[in-house]
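**Student:** Based on the sequences and whatever the hints tell you, model everything.
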Amino acid sequence: MTTTSQRTLPGHVEANPRLGTWISVADGIVEVHVGKVELGQGILTALHQIAADALGLPPERVRIRTARTESGPDQGLTAGSMSVQETAPALRYVGAAVRQLAEVGDAGRSVVSRRSQSDLLNHQGDPSQSDLLNHQGDPSQSDLLNHQGDRSQSDLLNHQDDRLNQQGDLLNHAEITDYVDRIGGLNPETNLAGLDVVGHAGPTLVVGTDLPRVDIPDKVLGRPRFVSDLRPPGLMHGRVLRPPSAAASLRAVPEGWAAPGVELVRDGSFLGVVGEREDDVDRALAALAAAAVWDEHDTLPDEDDLAGWLRSAASDPTEVAVDVVPERTRTATYSKPYLVHASIAPSCAMARWAEDGAAVHVWSHSQGIHRLRLAIADALGLDLEAVSLEHAENAGCYGHNGADDAAFDAVLLARAVPGRPVLLRWSRADELGWAPLSPAMTSTVSARLVDGRIDGWSYDVWSQGHASRPGYAGHPGLLATAHVAGGTPLPPASDPPGPSFGSLRNAVPLYDVGPRAITGHVVTEAPLRASAMRSLGGFFNVFAIESFLDELAAEAGLDPVELRLAHLTDPRARAVVERVADESAWGSALPESVGRGMGFARYKNLGAYCAIVAEVEAGTELRVRRLVIAADLGLVINPDGARNQLSGGAVQATSWTTVERVRFDRRRVTSTDWETYSILRFPTAPRVDVHLLDSDQPPLGAGECAQGPTAAAIANAVHAALGVRVRDLPLTSEAIVRAIEESP
Amino acid sequence: MTAFTVNGVRVEVDRPDDTPLLTVLRDALGLVGSRFGCGQGLCGACMVLLDGKAVPSCDIPLWQVADADVVTVEGLAAEGPNPVQQSLIRHQAAQCGYCLSGIVVAATAFLDQEPEPSAEQVAQALERNLCRCGTHQRIVQAVLDARSGAPA
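Order-wise, the sequence lines are chains A and B.
The opening position of the first sequence corresponds to residue 1 in the numbering used here, with each subsequent residue numbered one higher.
The opening position of the second sequence corresponds to residue 1001 in the numbering used here, with each subsequent residue numbered one higher.
There could be a bad hint or two in this list.
As the list claims (entries may be wrong) - Listing some non-contacts, in silico: residues in chain B with all C-beta distances to chain A over 10 Å:
no., residue
1, Phe1004
2, Pro1020
3, Asp1027
4, Gly1039
5, Asp1051
6, Gly1052
7, Gln1064
8, Asp1067
9, Asp1069
10, Pro1117
11, Glu1120
12, Arg1132
13, Asp1145
14, Arg1147
What the hints assert, rightly or not - Incomplete in silico selection of chain A near chain B, CB under 10 Å:
no., residue
15, Ile216
16, Glu278
17, Pro346
Claimed, not checked - Coverage of chain A stretches by chain B, computed from C-beta distances (three or more under 8 Å per stretch; other residues unrestricted):
no., segment
18, 217 to 223
19, 639 to 648
20, 669 to 678
Derived from the structure by calculation, the hints contain no laboratory data.
All of these numbers come straight from a predicted model, not from anything done at the bench.
C-beta: ideal position from N, C-alpha, C; glycine also.
**Tutor:** Structure, rendered in C-alpha cells:
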C-alpha cells in the first residue's frame, strides 16, 4: 500500500473539498473529522487506524471526530457496509495532501509499529462523544460521581512503554510535534480538489493490526457514553404516547388533563409529556395512556398467511434478468416473517431549541444526520440553517430503526420548553412495535437440472420495499409527521436501485445457472412500516437460493459443496467455499441427529465473500451448536474487529433464523416485550469460528455478509439432520413439525 | 426520604416510594452506568448488586432498597477495573456494549458464588442478560478468563 499514488479524487473528497472540513489540530492532536458514525461496529477505531497511517502519525496523535452538521464532511449514511470502502480512499487522499502541504515528504514515517492486544486502554479520553457527557448529575451527589471518569487505570496501562518499536526512518517526538504544528498552520480553506496530490498512500503500520476499540473501556466501566447518558444543565425528560395501534387516531384527551411535574404536549394525534424528573414523566405517561381515547381500525394482514398476502397485494415488478428459460424441473417457495431491530436500548434523542424558538440543535443516533436535518427542517417548514445535529451513540444499530423518529419526537417535545434540553426516550414496547420492520418476504424459485448441471433458473420475490429513511418519496419519513395535526401518512417503503437493490439484493445467484429470469415484486401497500435492516433482502434471498441449491444437489445426487463449486467460476468465491469446507471438516462423520449445512454468498454480489457451515442438533429443540465462517473481506483494517463483526452478524442471523417473528393481530403489533419477541440468549448462542482469507484487494465491509449464508447453512443443516426441508422462517420446532407433516 | 448505600456511600433520596431504583440511580444520583433497556426486568442491562445479589434495577421500587446496600457497575470499578471488566476489555468482548454494564454485574456476582465455572455454567448464569450484537462467545470467554487464578 505504501507505493500507491493518489491521483484520483475520491468521491467523498470531491463532495467535501475543504481541508478544514477533514482536518484540524487541537492540543497537539490531529483531529480527523468524518461523517461516519459508531453503531457498535467499531468503525471509529477502523477509521482511526486508516487516518493514522494516512497521516503518517502514531494513533495517539490522531483523534476521530464523528458526524455533526456544523462541521466535518457530509458522508451520507453509515450503512450498507460501505463505511470503510467510502472513507479509506478519502482519508488516504487527505493524508497524502496533508503530508504534501506540511512538507513531510513521501517517506510515510511513523513512530509507531504494530501494537499488541495488551495495549488496551491507551485510548481513554476518546472525545468523540459530546462534551455534555461530562456534566452529569446533581452536584450535591458529587461524592458519588467521583467513582467515575479519571479513576486511574494504571494497572492496565503498564504496557505503554513497550510500544515504541522503532522501524525505518521514524519521526522522533520533537519531529512529530513539529509536523503536527505545521498541520495546524495549514489553511483550512485549502481546496483539496484543486491540489495535484501525488504523494504516497502512507505507511501500513496501524492498518492490519488489532488496535483496541476506542469506545470499549467506557462501555465496560459504566462511564457515560450513550445519548441517554447526556446530562447538560437544565435537562428535562420527555416521553411520547404513541397511538395504541397502527392506524389509530386520537379522539380525545379529557379536558384539563394534567399530571404532577409535567407539561402536556399535544399536536393532532401526537401526544407527549415533558418534565424535570424522570419518574414524574413516566408516571404522567402511564396516566395519559389510561386517559386518552382513540379511534382504532383493523388494517393488518393475516400474520399466518403473509406469503398469500404479499402475492396478492398490489405490487410493482422489477425485472433484472429476462432470459427465455426452458421448462424447469423443480420448484420451491420460501418465506420469512417480519423481523424487528430489537436493539437493547430503545431509541433516544435530545433536542434543545434556542430561547427565541428560532433554531434547534439535536443529539441523535441516526445513521444519517444530514438527511435527518433536511427532513426535520422540511417537516417544520424551517430554514435548513435553523436545524443542526450531532451524532451521539446508542446501543447497536442494525439499520433504519427508530433513531430518526426519536430525534423528531425530541424536537417536537423540546419546542414546548425553549432553551431547555429535552432527553426523549422511547419505551421498549415502542421500540418493538413502532420502529420500522424488516419486511416479510416470499419467493418462488425454479430450475432445470440437466445431468447434474443447472441449466435454466427463474426467481420471483415479493416484498414491501426496504427503504423508508428520512426524505424518501419526497416525505420527511419521520413517524410523528403522520400523527401531528395536518400530517400525512408515511408513504410505503421503496427499494434502493441496482446494483445493490433492496428486495432484490442478492436475488441474482453468483452461480453459472444458464438462462435466467429474475423479478422482484415490490408491494405498494404498507399496513406495517418497513425499512432497511442489516443486509435487506439479501438475508432472505440467500436463504432461498442456497436452500434450493441443496435441494438441487439432492436431486442430482451430488454433494452440496461439489454442486456449488461446479457452478462457481469466481476464484474468490471458490476460495471461501473450499476454505470453509476444509475448516469445518465437511463430510466427516457426525453424531446421530446432528446435521451440517452450507451457505454461501457474495454480499450484494459486489461486497465481501462469505461461506458458512452450520452444525445443528435436532433434539426436542433445534440447537445451532457451531458456525464455521470463511470470508474474503479484501484488505482487513482490523482483523479482530472484522472477526467480531462477522461472528456477531452470524449469531444475530442465527437468532433471526431460528426464533424471531414479529407477531400481530389485525390491529396492532403484539410482540412488544422480550417475552413476546424472543431473541437468542447466552445458553443457546452457537460457537463461532471465523477464518479470514488473506487479501490485498480493496477493503469490503464485514457487517452484512454473514446473514444470508447463516440462514441457509442452518436450514441445510436441519435437512441434513432430519431429512426435512423447512422453507418458512423461523426454523422453530413447530415449523419443522409442520414441514414434516406437509412433506409428501 | 429513602436512605440506602450506593457504592459504599450513604445517600438519601427524595423521590416517591414507587420510583424504580434505576431511575433513582440515573436521574437523582447521576449514576448513568446502569443502562435502561426495557423497564420490565427482562433484558438485564440495568443490573446492580442489591445486598450482593445481581438484580435488574428497573423494576425494583425505591422503598424496597431502604437501608440496603447497592453496588453499580461504577462501584465495581471503584478500585480500578475489576477482573471481569479487565477481562472484557482484554478480550474486546463488545460490539455496541450497551448490555455490558448488566453483564459485568451478573458475571461478578456469579464468579463470587462459583469461582471455577465451565463455559456452559457462565452462559447459563448470563441467561437473563440479552446481547443483540451476537457477542456472546467473546463475553463468555472473557468471564471464564476472569476466574480467580485464570491466566491474564
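**Student:** So which of the earlier hints does this model not fit?
**Tutor:** Violated hints: 2, 3, 4, 11 and 12; rest satisfied.
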